[in-house]
Amino acid sequence: AQSVTQPDIHITVSEGASLELRCNYSYGATPYLFWYVQSPGQGLQLLLKYFSGDTLVQGIKGFEAEFKRSQSSFNLRKPSVHWSDAAEYFCAVGAGNGGSQGNLIFGKGTKLSVKP
Amino acid sequence: KAGVTQTPRYLIKTRGQQVTLSCSPISGHRSVSWYQQTPGQGLQFLFEYFSETQRNKGNFPGRFSGRQFSNSRSEMNVSTLELGDSALYLCATSRTGGFYEQYFGPGTRLTVT
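Residue numbers (the working numbering), protein chains in the order written: chain A, 1 to 116; chain B, 1001 to 1113.
Excised from the complex, chain A in its bound form (with noise of 0.2 Å):
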């Protein structure tokens, strides 16, 4: 069965400091990969997808992730956090019978904090 293991619950960071979460994905077939974030109280926004080319993907506000299919790895990177970046993370994978009839499958979340 497809899963997303995300390894760190919580990951703090100092702001102007490097970030990389942690993603890592089981699944059969090539993955269709994906970084959502939520802030308190709102919804999920994506940040990046990625469904086959180029392995490292860039998305919106300055975050970028690699694919790596020999780690079925789909790391998150930015290389300078802000304070307005703390909020919650998830991993997800695409699943089911292509993706006009699938769903996402999310990995548990990990919580970002940013130290002044």
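The reader is advised that the hints may include incorrect statements.
To be verified - Lysine-lysine pairs mimicking DSS-like chemistry, simulated, CA-CA at most 27 Å apart:
id	chain 1	residue 1	chain 2	residue 2
1	A	K61	A	K111
2	A	K108	A	K49
3	A	K49	B	K1057
4	A	K108	B	K1057
Derived from the structure by calculation, the hints contain no laboratory data.
Given the structure of chain A, go ahead and fit chain B onto it with the hints provided.
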């Protein structure tokens, strides 16, 4: 353009009652998916409706049901509420359905006492 709207935003119910939540999609979006978010289980897929038909369903008991109207608005219903149904219920909408380009609403926070 207007985003995904969910009503009500907050709800308190008693065990055994039933509840109906509403989701209005972005204009032009024909698919509505529902997800349950709890601290213990995380985000879990409930079901998806596309053009008034349930197209995909997660692993939830029959107490959870939904429907979609001709204007693409969707409702989900939970009958015989249990304490464990306390959660944030999120809907996500898209033009084509599935997971390709989903836009999430702010959610409805349901508390069962």
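Against the structure, the hints:
1. K61(A) <-> K111(A): 17 Å, holds
2. K108(A) <-> K49(A): 18 Å, holds
3. K49(A) <-> K1057(B): 23 Å, holds
4. K108(A) <-> K1057(B): 20 Å, holds
When each numbered hint is compared with the structure, no violation occurs for any of them.
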